[in-house]
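**Q** This is what each chain is made of:
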Amino acid sequence: MPIKQAKGKNGKKKNESGISRRKALKIGAVVGGAAVLTSTKSFPTHWLETTAHAQHNDCLTNPVTSPPTSAFVQALPIPPIKTPVASLNPAPTKHANINNGEAARGDHQKWSQFLPQVLYEVDTKPGIHQFHPELPPTPIWGYDGIAPGPTFIVQQGVPVLVRFHNKLPLNHFGSGGWAIEQDVIHLHNGHTPSESDGFAGDFYNPGKFKDNHYPNVLAGFTQDAHEATNGDPKEAMNTLWYHNHRAEFTSQNTYRGLAGFYWMFDSKDTGNENDTSPTALRLPSGYGVHDIPLILSSKTFCPDGKLFGGPNGGTAPAGGDKFCVNGAVQPFLNVNRRKYRFRILNTGPARVWTLTLTQNSSLDPRPFTVIATDGNLLEHPIDSPNLILGAAERYDFVLDFSGNSIGDHVYLRNNATMTVGGTPPNPLPPNLSNIAMEFRVVGDEADNSQVPSTLCTYPDVDLDEIVGTRIWNFDLVGGVFQINGKIFDADRSDAQIVRNTTERWILRSALPAAGWVHPVHIHFEEFRILSRGLPVELGGPGMLPPPPLETGRKDVIRLSGRDQVEIFMRFRDFKGKYLIHCHNMNHEDTVMMVRWDIVGDDEGDISSNNNPNFIPNPDYRKGDVS
Amino acid sequence: MDRRKFLSKPATETSATAQKRAYMTNATLTNYDGKQFKFYDDLMKGKIALVNMMYAKCDGICPAVTSNLKRVYQGLKGRIGVDTFMYSITLKPEQDSPAALKHFAEMHRANLPGWHFLTGDPDEIETIRFRLFRWDHPGLDNNIDQHTGMLFLFNDNLSRNCKTPAMSSVRSLLETVSWMDPIPVQAERASKNAAKMVKKFEREAAWANGEKWAKGAVATE
Chain W
1017 MPIKQAKGKN GKKKNESGIS RRKALKIGAV VGGAAVLTST KSFPTHWLET
1067 TAHAQHNDCL TNPVTSPPTS AFVQALPIPP IKTPVASLNP APTKHANINN
1117 GEAARGDHQK WSQFLPQVLY EVDTKPGIHQ FHPELPPTPI WGYDGIAPGP
1167 TFIVQQGVPV LVRFHNKLPL NHFGSGGWAI EQDVIHLHNG HTPSESDGFA
1217 GDFYNPGKFK DNHYPNVLAG FTQDAHEATN GDPKEAMNTL WYHNHRAEFT
1267 SQNTYRGLAG FYWMFDSKDT GNENDTSPTA LRLPSGYGVH DIPLILSSKT
1317 FCPDGKLFGG PNGGTAPAGG DKFCVNGAVQ PFLNVNRRKY RFRILNTGPA
1367 RVWTLTLTQN SSLDPRPFTV IATDGNLLEH PIDSPNLILG AAERYDFVLD
1417 FSGNSIGDHV YLRNNATMTV GGTPPNPLPP NLSNIAMEFR VVGDEADNSQ
1467 VPSTLCTYPD VDLDEIVGTR IWNFDLVGGV FQINGKIFDA DRSDAQIVRN
1517 TTERWILRSA LPAAGWVHPV HIHFEEFRIL SRGLPVELGG PGMLPPPPLE
1567 TGRKDVIRLS GRDQVEIFMR FRDFKGKYLI HCHNMNHEDT VMMVRWDIVG
1617 DDEGDISSNN NPNFIPNPDY RKGDVS
Chain E
730 MDRRKFLSKP ATETSATAQK RAYMTNATLT NYDGKQFKFY DDLMKGKIAL
780 VNMMYAKCDG ICPAVTSNLK RVYQGLKGRI GVDTFMYSIT LKPEQDSPAA
830 LKHFAEMHRA NLPGWHFLTG DPDEIETIRF RLFRWDHPGL DNNIDQHTGM
880 LFLFNDNLSR NCKTPAMSSV RSLLETVSWM DPIPVQAERA SKNAAKMVKK
930 FEREAAWANG EKWAKGAVAT E
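First to last, the sequence lines map onto chains W and E. With the working numbering applied, the first sequence closes on residue 1642, and no number is skipped along the way. With the working numbering applied, the second sequence closes on residue 950, and no number is skipped along the way.
Errors might be hidden in some of the hints.
[Unchecked claim] From chain W, some residues computed to sit far from chain E (all C-beta separations above 12 Å):
#1 G1223
#2 Q1268
#3 K1284
#4 R1298
#5 E1454
#6 L1492
#7 L1546
#8 R1578
#9 D1613
#10 P1632
[Said to hold, decoys possible] When the alpha-carbon atoms are kept at most 30 Å apart in a straight line, the in silico DSS-like pairs for lysine-lysine are as follows:
#11 K806(E) to K764(E)
#12 K929(E) to K831(E)
#13 K831(E) to K799(E)
#14 K799(E) to K776(E)
#15 K799(E) to K1110(W)
#16 K1126(W) to K929(E)
#17 K1502(W) to K929(E)
#18 K1110(W) to K929(E)
#19 K1502(W) to K928(E)
#20 K1110(W) to K1183(W)
#21 K831(E) to K1322(W)
#22 K774(E) to K1322(W)
#23 K831(E) to K806(E)
#24 K1183(W) to K925(E)
#25 K831(E) to K767(E)
#26 K1126(W) to K928(E)
Read the hints as simulated data drawn from the structure, not as lab findings. All C-beta atoms, glycine included, are put in the ideal place defined by N, C-alpha and C.
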């Protein structure tokens, strides 16, 4: 047992929670050493665990830390690009083809309008993955059997259909236990009709397939104002991701590897830095060349090196002490003296990262030039000394290595103290702790890319469009998450929002426990943050404008303490059921989640909304919403 | 759990069973009749288990949870005591003697076969609580009142588990408990289930399209 770790963490517990003298004495015994410890007759074993860890495969002891691994000995892996197929058999249908093996689902909405032009076929299945050369290969689950899954590269305006076959092993105890072999795939941030959105309750079994229909359409296409452009061009979205969303098992399933990237290009973000089109932004381009996916996850490994998963509701290592990028523990990437676009994603399950960049032996942070938040371009690039990523958050940023010397090392470093939910990273050699990956400047290369000072224009935030204010109160009562006083039920709709209306939402945290961060994700439509903080009437300093990196279009908002966030949301085009949930996957599994629906079709339906948490806007300008 | 025993466990014992026993602990727990059980070997191994934590003098949600779980018990008729068991473990073993638990169970008419109210060594129970119910937040994990509302579901044969709110609707809880059952091979799955699901999606779509509260479409309040 690594007693030293326990000492530090227990000290922390002692400070934060005011534990009893009796317990403190016992902790003293731990600090005193193993001899005292083993002579303790009955000992609450958890005090030895920085997080409780479970047994898995050959984990006989509770691993507190993963086995040591050398940093920066493997090159950053790049997930393969998913290649389309010419046809699917049976051919995709609007109505679920249940007689031929498709899982039940609602009919595809707007099917004939967005007939799929590109088809994909994915097998959700087990695989073998090696996270580090010094660790043995270990069983995982992956889309196409790899972790992370393949990257989809799609074009905005070109509808696609992905057939996901569930080929996970039935009643899979033989392959390691934990997790559940049922799939349902959420395309995170997609303007996706409900039946393809990966609703948590609509999972399906091994042996079935499901066709997810992704129109890749700009939001607003059913509104008169955007008819000519088939949607609002200001609603372009670029860096999306997909993952398993099985109710109450998302953490376990995603931790096993069921996640991947989905990138969309368009007439501005064309994916070609040499593009001669006048609309092209010419950002650094080339998948895996100068436009590089960085998929963060934290994992824990058993003493024998196998991936560790736990029987505690989710993945035991909430924090996970091994930093993985694209499924590799602490990789390196060779770069040339030019600009690169990186797209970074936190797949969780729980860790909140605060990333900085440092160079060589200096600890002075070097800024990130952020060009997109949650996969949506910012109006203007923002230089930021750090990036905070709750689970599911994304940033696109550009690093320019042209000012570097060949031989320089740049480190992507996590500076978040994991006071909540996990171990500090495995101790590394001096000056190497907390580093997720290393960039090695190795050569020179031409660079035609640019980072324009204006990247896009945000959609208007017209407060007169707001039909009313809807309040979502988040709380924890008796250790159970409640939203507006209710516990999640997949079959109960807690809000009915009229299609093609706009609302002001207030997300209000009454959640206990300081420092407990909840990255709240809203499906289907993005939001703009109008203000955040703690209102004066609740004893706070008042509501303030969002910080710079939260001024863009986002789909995840970090909520903690007594935070209140006021957001602007439009609900357009498609109907059906959607979700709000905490993206800390251990929280969404237990079930910090609520279902809401888009219904109806005209303003007349608004008055029928008698939800006590909905306050109609008396100034609503009727007739402006088409 | 006995540390010496744990540390001296032979390294050759690598079975999943040994791992689960080590994780969940094999603490000795006593039910309200004074009968003793080893937590993993006697209560979890080979079974489907519904575990919650409570204490007899809890004036928070414990009584409501217990009466909700009683309805779940009734919904699981024929299985409770056969392959499925319910365990309510006290968070305050110092207060909750077997007699106190018996009084609590009788008061809620929950003194039913296959449902054990359990007490034991405080440290061992705290370890079980931490292993099964922790939030990974010290402030919450040391506050036992944040541990009265969740139900830990476990199928030892599949090592399948999840946690779910014990105050969910009985319909929803029974569905979640059913997730612990093995998934039947496809050939055995009734296709009528798929047809039933399609009907449900059709009702939902009709409702979204303005057929207000089409019968059975969506439960709401």
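**Q** Would you list, in rising numerical order, the hints stated earlier that this structure does not obey?
**A** 1, 2, 6, 9, 12, 15 and 21
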